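2 protein chains.
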Amino acid sequence: MAKVKKTPRPKAQTPKGFRDYFGADVSERNNMLETIGSVYHHYGFEALESSAVETVEALGKFLPDVDRPNEGVFAWQEEDSDWLALRYDLTAPLARVYAQYRNELPTPYRRYAMGPVWRNEKPGPGRYRQFYQCDADTVGAANVAADAEICMMLADILERLGIAPGDFAIKVNNRKVLNGVLETMGLTDVAQRDAVLRTIDKFDKVGVEGVRDLLGKGRLDASGAYIDGVGLSAAQADPVIAFLTSKGKSTAETLANLAQAVGSSPTGAAGVRELETIATLAAQAGYSSAKIDVDPSVVRGLGYYTGPVFEAELTFDILDEKGRKRQFGSVAGGGRYDDLVKRFTGQEVPATGVSIGVDRLLAALREKGRIASQERGPIIVTVMDKDHMSDYFDMVTELRGAGIRAECYLGNPKNFGNQLKYADKREAPIAIIQGESERNAGRVLIKDLILGSKLAVQATLEEWKENPAQIEVDRSDLVQNIQAILKKYT
Amino acid sequence: MAKVKKTPRPKAQTPKGFRDYFGADVSERNNMLETIGSVYHHYGFEALESSAVETVEALGKFLPDVDRPNEGVFAWQEEDSDWLALRYDLTAPLARVYAQYRNELPTPYRRYAMGPVWRNEKPGPGRYRQFYQCDADTVGAANVAADAEICMMLADILERLGIAPGDFAIKVNNRKVLNGVLETMGLTDVAQRDAVLRTIDKFDKVGVEGVRDLLGKGRLDASGAYIDGVGLSAAQADPVIAFLTSKGKSTAETLANLAQAVGSSPTGAAGVRELETIATLAAQAGYSSAKIDVDPSVVRGLGYYTGPVFEAELTFDILDEKGRKRQFGSVAGGGRYDDLVKRFTGQEVPATGVSIGVDRLLAALREKGRIASQERGPIIVTVMDKDHMSDYFDMVTELRGAGIRAECYLGNPKNFGNQLKYADKREAPIAIIQGESERNAGRVLIKDLILGSKLAVQATLEEWKENPAQIEVDRSDLVQNIQAILKKYT
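Protein chains in written order, with numbering that gives the first Met the number 0: chain D, 0 to 489; chain W, 0 to 489.
Check before you lean on any hint, since a few could be wrong.
Copies of the same chain are indistinguishable here, so a pair counts whether it falls within one copy or spans any two.
Derived pair list, reagent style DSS-like, types lysine-lysine, alpha-carbon separation capped at 25 angstroms [unchecked claim]:
1) Lys216 to Lys420
2) Lys385 to Lys413
3) Lys121 to Lys15
4) Lys413 to Lys204
These are calculated hints, taken from the structure and not from any lab test.
Since the model is a prediction, treat every value here as computed from it, not as a measurement.
Chain D with its partners taken away, still in its complex shape:
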């Protein structure tokens, strides 16, 4: 007779590329989202929480970001019906929402949104398939003042999060200026223009000489493979290089360099004027060029956006895994994209916005020690006598009533050592003990676990009693004694 096959037990495992977040990691992120959201709100933006699920039709199948052309979405088909997918960012849903409700929504529509997005890409170290975004966008505003406002708001947010004015820079570039440069070069072939854009996008990695090689004949990359170039002559490549390196000692100098780089192109000139307006508005509102600066070397997203492009960088040094100093880099980016809603309505709607990489920003603040040390656990009321649970509950209720986080040990109370191990694992600052003798005497033991942390958690009750970190007080004085101990540690 064949053996009956047992169903194997399911594996308890987070799916590959996903993560679980515990305790302080959750509350620190929530605090950050709340701070960012309150600044967005203060600037007049309204909250929007769109559905996490979109039709693939509304979403479009691929990411618009040229950085990652192959990224996909998590998608499934409804029974004999639409394909649905998880949103991959908060901008595509904004376009759908604006197109859907455009007759009811105010114009400009100013909304902020925060929440997880999902990307169906190969997971890697530090690269997750679910992460948080936190965006603000103004839809229906052609005025470049909307872009300037976003840069200022971003600066306010970074300061509110505890980043000192000298530790960040918001850099502004403009796609129109680049278009002007390409016009001036006479580069009209679309394929060649796209190739130039893709090359510029590598500027961060390969530097000026790398871009020059790649615009020309090509170059050997770090792995030794030969990368074909765009095939421009050295003279043809010059304007692109001039553009990328046109940052001067002052904003005026940078703008003058750019004006030269775009030659007689009207598009280019318009782009330079936009940058000038942003710089002027920011300066007049009290944001120095150390905070908000025109910088043509910012190339990320230049292929995606249609006007101003901005990026917030943290400028302080951190140590990488090999102990080498490096800069933390970009934590937020955005820009103007005037064709987002057109897919749905056929009409071009000017829009500009920013997306803050919350998880990256959290990592930066943690590395810089700018996030308050890990929160403590609750006070643990231990259970010496299961038949007197209501006495222990009374203590907890009193403590909670006094605003003190507390709980009663609810596991099996038999092994007292386990209760102290539990208090230790929870990083409890204090444990409270009341056995029969203490109860009969109307007394209670208070164990300062921070002070007593050097003692082995396996100590016997007698050893604990001898420890000076432990005091015995009247039951009626419990709360005030706890408050006194906690005060020492704040």
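Take the given structure of chain D and dock chain W to it, following the hints.
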């Protein structure tokens, strides 16, 4: 030649059964989640945010809730690999997380979680496929004090959310008591026991007589269809009816009735003792039986849970769509489920928890007018002269600096009426106007839109000026005048 087919434009539409939330709806929910989370935290629970995506293997394919045996999940297959799915609740992920990290986590593991869950069920009116849950659970605590604590915490939360003590009741029942009743009846056939459980689950809808009919021969339902009964004799059905109707005038009376209903069953007696312990602990901690009460008529989830079962009901009347008075009903529920982790590890781990239906609770509070009236929009600084944007930005910056939510109109400023329509749509309390003459005189117009809301928004600038709801002040007095107006409305 064949015509080139144009790709049709995508439809801008929220997928069926999903919703988008705007403005105050988002912030009100966030406020509620924050309040609930802070009480959970104060009670000693730790935040957990698990991945929204789980392997189907870890999740199990079906919901454990007997209420909805056919509900599915949104699932898709990884390339040649696992099937993944969106979580359908926060309990299944908790079981996975606890099993996965059990060696590192403290025991008991006390965690709270909040976030969206997804259900692949047929959408209906008021029935969405994505909604929020907000749970707290204690895993690894067999002590029924853990259940009592959850009931007390739930009472605290409802009061913190503004629900008066007389307007809610937390009702506690126990599956073990029911098991005792079935034992006493000699009902050992599993299929028949399940049929009795399913019948009891309909008690809310069909009442005592309905349950009696369905335990016996069956009955005609509202639609006129005949529903077959379980086939018990009237005498056999009596203990079940006695159980369901055993609520007495006092807790002591209810417990005595239950003790009688379970006869000599040890399981039943244990269940009654648990209820007694919960009632005693709650009473001694100051929660009256009006707040936390033993009530055997609470049947929801009785088929799913293994011990105490609790449900929070709002007891105030609301009017239904036909203007009839009815009670709002359940807003939270929970209980003990001792077999949740067993699927993964083979070991039974005692656990108890609660899930709050945040969206339902919000609806109840809105209906009762317990949520502060809709928040106002930002103050709108209108733009009379595009070349003076930095003047308008200055005003906004000053207002924001004084803690006042404000924004500058960033749409096309040409049509001034559109700016006032915008302010109206944003529910702005105040609009600020500065044309050339005001600017030259160092003055600014402040328009009290709340006072002036009776005027047509199409009024000309001249008409607006005549309106007493509008004042002209020195530019330097702008902020203090705005503060004075806002003070009137708080």
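**Message:** I want to check one pair: Lys413 and Lys204. Are their C-alpha atoms no more than 25 angstroms apart within a copy, between two copies, both, or neither?
**Reply:** Intra 61 angstroms, inter 45 angstroms, cutoff 25 angstroms: neither.
**Asked** Checking Lys385 and Lys413: alpha-carbon separation at most 25 angstroms within a copy, between copies, both or neither?
**Response** Classified as within; 9 angstroms inside a copy, 76 angstroms across copies.
**Request:** Could you place Lys216 and Lys420 in one of the four classes (within, between, both, neither) given a Cα distance threshold of 25 angstroms?
**Result:** neither (66 angstroms within a copy, 57 angstroms between copies)
**Prompt:** Given identical chains, is Lys121 near Lys15, meaning Cα to Cα at most 25 angstroms, within a copy, between copies, both, or neither?
**Reply:** Result: close within a single copy only, 9 angstroms intra versus 30 angstroms inter.
Checked against the numbered hints above, the structure breaks hints 1 and 4 and satisfies the rest.
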